Structure formats: structure tokens, C-alpha cells
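*Asks:* Full structure from sequences and hints, please.
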Amino acid sequence: MSFPAMLKKGALPPLLSVPNRIHPHAMTAISYTELISGFRPQLLKFARLQLQDDAAAEDAVQEAIEAALKGIERFAGRSALKTWLFTIVRHKVIDFLRERGRTVQVSSLERDEADMDEAFDALFRENEHWSPVSRPRPWGNPEEALEQQQFWQVFEICLEVLPARTARVFMMREFLGLETDEICTTLDLSTGNCNVILHRARAGLRQCLSEGWFGAEAARC
Amino acid sequence: MLTCKHTTRLLSEALDRPLGKREYLALRLHLLFCRGCRAFRQNIYVLRKVSRSFMGRDDGPN
Ligand SMILES: [Zn+2]
Numbered sequence: 000m001s002f003p004a005m006l007k008k009g010a011l012p013p014l015l016s017v018p019n020r021i022h023p024h025a026m027t028a029i030s031y032t033e034l035i036s037g038f039r040p041q042l043l044k045f046a047r048l049q050l051q052d053d054a055a056a057e058d059a060v061q062e063a064i065e066a067a068l069k070g071i072e073r074f075a076g077r078s079a080l081k082t083w084l085f086t087i088v089r090h091k092v093i094d095f096l097r098e099r100g101r102t103v104q105v106s107s108l109e110r111d112e113a114d115m116d117e118a119f120d121a122l123f124r125e126n127e128h129w130s131p132v133s134r135p136r137p138w139g140n141p142e143e144a145l146e147q148q149q150f151w152q153v154f155e156i157c158l159e160v161l162p163a164r165t166a167r168v169f170m171m172r173e174f175l176g177l178e179t180d181e182i183c184t185t186l187d188l189s190t191g192n193c194n195v196i197l198h199r200a201r202a203g204l205r206q207c208l209s210e211g212w213f214g215a216e217a218a219r220c
Numbered sequence: 000m001l002t003c004k005h006t007t008r009l010l011s012e013a014l015d016r017p018l019g020k021r022e023y024l025a026l027r028l029h030l031l032f033c034r035g036c037r038a039f040r041q042n043i044y045v046l047r048k049v050s051r052s053f054m055g056r057d058d059g060p061n
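Residue numbers (numbering that gives the first Met the number 0), protein chains in the order written: chain W, 0 to 220; chain X, 0 to 61.
By construction, these hints were calculated from the structure, which means they are not laboratory data.
All values derive from a computational prediction rather than experimental measurement.
Where is the CB? At the ideal position from N, CA and C, for every residue including glycine.
Treat the hints with caution; some may be incorrect.
Just a few of them, taken from the derived set where beta-carbon distance is under 10 Å, the chain W residues facing chain X [what the hints assert, rightly or not]: (1) F45; (2) L122; (3) R124; (4) F150; (5) F154; (6) C193; (7) L197.
Counterexamples of contact, computed for chain W against chain X with all Cβ distances above 10 Å [stated by the list, open to error]: (8) E33; (9) K69; (10) G70; (11) E112; (12) D114; (13) E117; (14) D120; (15) I156; (16) N192.
*Replies:* As C-alpha cells, then:
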């Protein structure tokens, strides 16, 4: 999987900016609502990626926002509120996935997964060692990347271009923190299959982030 | 000797389960001689760190 050329670092539009620090006394009910609506697109994107179901994603986010508005006094800052919102959405997503179990439509996604494997195979020579041009290089300054909004835009795009099932297994493992056993059981996959999918996701995201962020950095200098 | 492709699979699985002794030793040996796979390992470790901060991240200082 390669990073979409149009979306490379530098070509991205600036994110809608929300003030970082808000004086507690300045927080009226209206500004809380505004603040929370500011997070809505991101929460929705997260829930949609996980659930592949727009209606269920809307429900999860709506319930999280309503719960947040009820308990709003407890949150002194934007950061705590956001973490809390994501935690509620995360719990709703897990409940939903557990309930729904294995009713996941996979058929049309198989080809995308095969395409990803083909792209991965192309990084190697006949003997399955790295071909010199595609040999991975260490990523510089990961801490710095985490602090940049543009990095997170690149990360989200890389997630979005993953095949749905691949993205879901990856996110269950790395975002929701579920053990592989539980993921396999929930999605009715064998352990071997789960491992293959996680490897595919990591390899694909690694490649995408190398091209979309870390490699772009090196090439610029 | 492991191939690089096989090594990437073990490096990924090492994030999800404890490797067996033989797997672990074969992996260590390969990494000793292969900087491409060492970089792959660093990249997917960073990927894990990035994913963990994705949920709780904020655009400002905490
Ligand atoms: Zn290697």
C-alpha cells in the first residue's frame, strides 16, 4: 500500500483549530457544547473505522456526547474531556463488537488484502531478503511526530486506506487493547489468521507512514 | 538463517505473544546481521506507541 501522492505531507489542509487552554471560568454551557462538537468528527471517524456501520457509529458517538454533557463539571480541561469522550466511545464500540460477534461481511475485501500482500512481497528479492531500494530505515524523531497535527492526519489517512477487516483487527489490538485470543474469537478467525492480518496491517501502515511522513522528512533535506 | 520476510512476521508476532526459545534465538541472530529488519522492528515499535497515544492524545499539553 502506498501513501496517496496528493495527500503527502505538506499538501494537507490545516486542521480546524480549537484553543488548547480554556480558562475554567470562561467555560459556559455553550462553550462546552461547542468544544464537544469540535471532537465529534474525530470520534465519529474512530467509531466508523471500528464498526463499519454508520448508524451504529452515530449512536455510539451520540451516547458518549450526552454522557459527557451530563458530567461536564468534572472536567477541568480540554485534554481530560477528550480522553474521557474517547474512552466512552471505546467502551461502546467494544460492547457493540462483542454483541455483534462474527457477522462481518468479508467477501469484497479479500482482493484488497491480496493487493497489500503483493505490495509487501514487492519489497523483497527472490530470496526473500530486502531489496536494497525498499530496505526499511529507522524512523527519526517519533516523539516530535506525535506532537504534530499533520502527523495525525497522515496516520488517519493511512488507517483509512487499509482494507476494512485489516483495519478492524489492528484497531482492536492496538487501540482497544484486546488480546489476540479475544479478537480471534469475536471475529471467528483462527489464531494463525489473526497473526497474518496483524502482520499485514503493521507492514502496510509502516510502509504508508514511511512514505507519507518519515520518508518525506528525509527526502526533503 | 531466517529470511527477512519471515523475520518481519516474527517481529510482528512478538508484539502479540511470547516467542519460543528457538524462534527468539533465530530472530536475535538475524537481527544481529540485518539492519533492514532492525529498522523494521523500530518502525513497528513506534507504530505501536503511536497507536497507543492516538486514543488519549490531545493537541495541547496535558
Ligand atoms: Zn532481515
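*Asks:* All hints, please: hold or fail.
*Replies:* Verification of the supplied hints:
{"no.": "1", "hint": "F45", "verdict": "holds, 8 Å"}
{"no.": "2", "hint": "L122", "verdict": "holds, 8 Å"}
{"no.": "3", "hint": "R124", "verdict": "holds, 9 Å"}
{"no.": "4", "hint": "F150", "verdict": "holds, 8 Å"}
{"no.": "5", "hint": "F154", "verdict": "holds, 6 Å"}
{"no.": "6", "hint": "C193", "verdict": "holds, 8 Å"}
{"no.": "7", "hint": "L197", "verdict": "holds, 6 Å"}
{"no.": "8", "hint": "E33", "verdict": "holds, 16 Å"}
{"no.": "9", "hint": "K69", "verdict": "holds, 21 Å"}
{"no.": "10", "hint": "G70", "verdict": "holds, 18 Å"}
{"no.": "11", "hint": "E112", "verdict": "holds, 15 Å"}
{"no.": "12", "hint": "D114", "verdict": "holds, 17 Å"}
{"no.": "13", "hint": "E117", "verdict": "holds, 13 Å"}
{"no.": "14", "hint": "D120", "verdict": "violated, 8 Å"}
{"no.": "15", "hint": "I156", "verdict": "holds, 13 Å"}
{"no.": "16", "hint": "N192", "verdict": "holds, 13 Å"}
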